[in-house]
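Q: Each residue of the sequence shown is one higher than the one before, starting from 54 at the first, in the numbering used here.
Incorrect hints may appear among the rest.
[Unchecked claim] Straight-line alpha carbon distances no greater than 27 Å define the calculated DSSO-like cross-link-like pairs of lysine-lysine that follow:
no., residue 1, residue 2
1, Lys-452, Lys-87
2, Lys-136, Lys-262
3, Lys-469, Lys-581
4, Lys-535, Lys-469
5, Lys-224, Lys-133
6, Lys-524, Lys-171
7, Lys-350, Lys-495
8, Lys-262, Lys-133
9, Lys-305, Lys-553
10, Lys-553, Lys-262
11, Lys-524, Lys-136
12, Lys-223, Lys-262
13, Lys-350, Lys-460
14, Lys-133, Lys-87
15, Lys-136, Lys-224
16, Lys-305, Lys-469
17, Lys-350, Lys-305
18, Lys-516, Lys-460
19, Lys-469, Lys-553
20, Lys-553, Lys-171
21, Lys-350, Lys-516
22, Lys-352, Lys-305
23, Lys-452, Lys-136
24, Lys-171, Lys-224
25, Lys-452, Lys-352
26, Lys-133, Lys-516
27, Lys-553, Lys-516
28, Lys-352, Lys-223
29, Lys-553, Lys-133
30, Lys-581, Lys-305
31, Lys-581, Lys-553
32, Lys-305, Lys-136
33, Lys-193, Lys-133
34, Lys-193, Lys-224
35, Lys-469, Lys-171
Simulated from the structure, these hints should not be mistaken for lab results.
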Amino acid sequence: MPSKTKDAVEKTVPEIETSSHIPVNPLYTPADLKGFDYDTEVGYPGEYPFTRGVQATMYRGRLWTMRQYAGMGDAEESNKRYKYLLANGTTGLSVAFDLPTQIGLDSDNPLAAGEVGKVGVAIDSIEDMLLLFDGIDLTKISTSMTINATASILLALYVAVARRQEMDIKKLSGTVQNDVLKEYIARGTYIYPPQAAMRIITDMFAWAKEAVPEWNIISISGYHMREAGSTAVQEVAFTLGNGMCYVEAAIKAGLDVDQFAPRLSFFFNAHNNFLEEVAKFRVARRMWARIMREHFKAKNPRSWMLRFHTQTAGSTLTAQQPENNIVRTAIQAMAAVLGGTQSLHTNSYDEALGLPTEQAARIALRTQQIIAYESGAPQTIDPLAGSYYVECLTNEIEKRAAEYLGKIETIGGMLKAIEHGFVQQEIQNAAYEYQRAVDQGKAIVVGVNKFEVEEEKPIPIQKIDPALEQKQVERVRAFRAKRDVGPWHFALNGIIDAAKSGANLMPRILTAVEANATVGEIADAMRKVFGEYREAVVI
């Protein structure tokens with residue numbers, strides 16, 4: 054198009070920004086990519102810097118893993134939902150735990166009252182874990198567990214179940230989220246002070262290398278920061294900053310970067326601004342490849358690869374006109390696929406109102422299957438590459454994310470940035486700006502501040518039977534009453550000794566769960582040595 058015509062177009066179109074406040078031109082041409090070295094910056098799929106994907110064949114070789122995050126009530130109820138999802142075509146399990154399990158409290162702890170089984174499954178012991186995976190061959194399914202402060206205990210329980218079932222634990226595959234830094238930033242389900250928490254994580258890195266070599270030892274998570282209100286740029290910057298912090302901690306603990314880095318994984322949000330999200334995923338891969346090769350001097354190409362799971366954006370789901378959420382989820386899922394995700398969870402349309410019903414969960418899964426088998430999107434690799442706009446957006450997100458990483462470095466690294474509240478404040482500012490835009494009608498949320506309806510037909514809501522909490526409390530008490538006290542006591546003392554001496558905690562935790570110690574008891578053993586973290590109140 055002649056520049057005169059392009060100028061005329063630009064004069065007639067109002068200024069527009071992405072959700073990260075990146076200005077959007079009304080039209081992009083080759084001139085916008087002048088000086089851009091496509092071969093170096095983008096390259097080919099499966100090759101450094103992996104802008105176009107970590108596998109050479111991407112979905113032509115194998116589709117992404119279709120996971121549906123699920124867990125409710127007790128282990129028996131959740132097991133039924135897993136079998137339902139597997140029967141309907143899900144290709145990987147994703148376990149949601151209740152809040153007491155996440156913060157190391159047994160179900161009969163007074164602080165757990167009213168929360169048992171509410172936002173996920175209650176797991177207190179190896180007995181619960183056996184029930185959770187009853188009838189499911191753990192060597193034939195990949196399992197993701199969204200668990201952080203108690204990740205070491207839940208992974209030990211998973212391994213113990215496989216051992217009880219006489220499975221080869223070296224064949225277990227899956228992921229523990231195990232990302233405590235984002236808990237201090239955005240979510241709050243931490244237990245121990247940061248240094249102790251990092252010690253537990255690096256102990257898992259070292260142990261898993263031999264014990265469960267196919268396991269992803271961490272899922273470095275931008276998702277929750279995005280849910281807290283961060284922009285796409287902040288999500289990339291702060292997630293990669295956390296990733297660098299974990300790599301530094303592991304190297305400091307004496308681990309070789311090329312021994313653990315290939316098992317690192319990431320977890321991102323898929324939000325509403327479709328093309329910005331696609332560009333975001335491409336940026337994250339490219340930046341991480343350079344960080345690992347140039348900053349950490351990793352030699353193994355697998356250490357440079359950013360492999361990631363995606364979940365559609367829970368914070369975008371609305372209680373008003375909830376059926377609209379099906380469309381939001383489909384758009385977000387398509388962005389994840391076009392961005393090259395390795396696995397995907399699609400939210401259910403009723404999640405602004407409660408835990409998903411079976412019907413809503415099936416629609417969410419069918420959304421992935423329709424994209425996979427009907428849309429044609431997986432048929433070619435990185436189909437939006439070469440788009441003048443997508444490549445410009447990719448470059449601009451990278452530039453802005455790098456500026457954030459530079460600021461974090463001047464503060465003294467990610468831990469210092471978290472301790473000083475820098476990361477939290479940046480996210481809070483972004484969340485406030487967006488909410489103001491919604492309140493003022495500058496940001497449109499369909500069905501909320503525009504296109505509302507006066508009366509809406511109610512939809513079915515998933516209810517958790519209140520009796521399940523008492524049932525779980527009675528189960529954990531009966532479990533304690535029948536165990537052999539000698540091995541149990543010895544195992545808990547072993548955890549305390551290891552925490553004090555610096556010995557690797559994972560073998561001791563595994564011994565403890567096999568000696569019938571509960572999640573709360575093991576967490577308490579470490580609390581005795583490490584203490585608990587209390588967030589500083591800034592006035």
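Q: Quick one: which hint numbers does this structure break? Sort them smallest to largest.
A: Numbers 2, 4, 7, 8, 14, 18, 20, 21, 23, 24, 27, 29, 32 and 35, in rising order.
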